[in-house]
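Asks: All chains, full assembly: derive it from the sequences and hints.
Protein chains: 2
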Amino acid sequence: MVQKSTNITSVEHRVPRDVRWKANGHRGGILWFTGLSGSGKTTLAFELEKRLFDRGFQVYVLDGDNIRHGLSADLGFSPADRQENIRRIGEVAALFAGAGNITISAFISPYREDRRQARRAADDIFHEIYLNADVETCEKRDPKGLYKKARRGEIPDFTGISAPYEAPENPELIVDTRSRSVEQCVNDILGYVEQNFVPAKGR
Amino acid sequence: MVQKSTNITSVEHRVPRDVRWKANGHRGGILWFTGLSGSGKTTLAFELEKRLFDRGFQVYVLDGDNIRHGLSADLGFSPADRQENIRRIGEVAALFAGAGNITISAFISPYREDRRQARRAADDIFHEIYLNADVETCEKRDPKGLYKKARRGEIPDFTGISAPYEAPENPELIVDTRSRSVEQCVNDILGYVEQNFVPAKGR
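Protein sequence lines correspond, in order, to chains L and D.
Sequential numbering from 361 applies to the first sequence in the working numbering.
Sequential numbering from 361 applies to the second sequence in the working numbering.
There may be inaccurate statements among the hints.
Unchecked claim - The calculated label-pair distances, taken between Cβ atoms and stated as ranges, are:
(1) D:N547 / L:G416: 29 to 39 Å
(2) L:P376 / D:R480: 42 to 52 Å
(3) L:R411 / D:D441: 24 to 34 Å
(4) L:S438 / D:T497: 39 to 49 Å
(5) L:Y552 / D:R538: 26 to 36 Å
(6) L:D483 / D:P559: 43 to 53 Å
(7) L:V558 / D:T497: 17 to 27 Å
(8) L:P559 / D:A383: 17 to 27 Å
By construction, these hints were calculated from the structure, which means they are not laboratory data.
Quantities reported herein were computed from a predicted structural model and do not represent experimental measurements.
Glycine included, C-beta positions come from ideal geometry on N, C-alpha and C.
Replies: Take a look at the structure:
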């Protein structure tokens, strides 16, 4: 993207992120969930948020509910709008992480290039977590009835049915949400967070 | 704005904001600074952030540096782009506040209607703080050399010179940054925060 903004000067007095991290007792960063509709993104995001919050973490979920009704309310579901939606989420997630939060992003984000752009926005604190479940499994669950609508042709470009899902090639973590319980999946991710966001010696 | 997004379902398991506020020991909310270029927005925002951070608050500044290079990098300075920029900042500030942070927004935001829209995005936790200094004072300071450029005609639609600034009609707080020192101004705002963000009995 060409940056249009000019006459912007940088300021040096920001509280540095490592100072924020020390105060919070954990690093900030992005847990970028990606997976099909029905792969468990929302369920796992909110369960994980609750568990981390109860342990004293600064943690926040970005999902369709708080993004699509606000920041991205001007965007639809065309390929260009989806791309712009994911770009904005990547930027917002990077701000939250820089502010010291563990940000859980719960969007299908089907395209590798879009996820790569989100990673670039956050640099070294981006953790791609692939919630792996096949279309058949997700379609059986169909928690929002979207697969049914998609099969009836009521939703164009539906990921997994009429639009592609590009699985991550090198994610930081793969969670098998097809065969493992919610509890097991959450524990997998909690283990990952403990390893990667909490300093080795005390909190 | 017409909301284009459909097929979005709400989820009920989010950690409620009042539970976050209790854990942090203070409310979340938005300190929406508005004022001319040179009125002290950036200086006061970062000084206030440091002081609040040192007191243990979750606090974060949104400003040109972290917004214009990222989330709004696709926007220029046309009236429509400025409006969209402020809209996005209002939405992001509301997310941060909902996550428990005191969000300090440091943008000129010259139009009443744009600020009203930002207030609507955040509902009851939006605090408009007018950094009041006249154009002559700001132009004398000219910390970024922008007034000089504007006078030479190098910056079109420059607020206070060739574009209007609509002063707040009913702001939550007015800070006279023309005659008062940085220290005095910061203390004014700190007092306001203590009164409005900290529960009366202990933290």
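Asks: Hint by hint, note whether the structure agrees.
Replies: Consistency of the hints with the structure:
no. : hint                        : in the structure
1   : D:N547 / L:G416: 29 to 39 Å : holds, 31 Å
2   : L:P376 / D:R480: 42 to 52 Å : violated, 33 Å
3   : L:R411 / D:D441: 24 to 34 Å : violated, 41 Å
4   : L:S438 / D:T497: 39 to 49 Å : holds, 48 Å
5   : L:Y552 / D:R538: 26 to 36 Å : violated, 52 Å
6   : L:D483 / D:P559: 43 to 53 Å : violated, 37 Å
7   : L:V558 / D:T497: 17 to 27 Å : violated, 49 Å
8   : L:P559 / D:A383: 17 to 27 Å : holds, 21 Å
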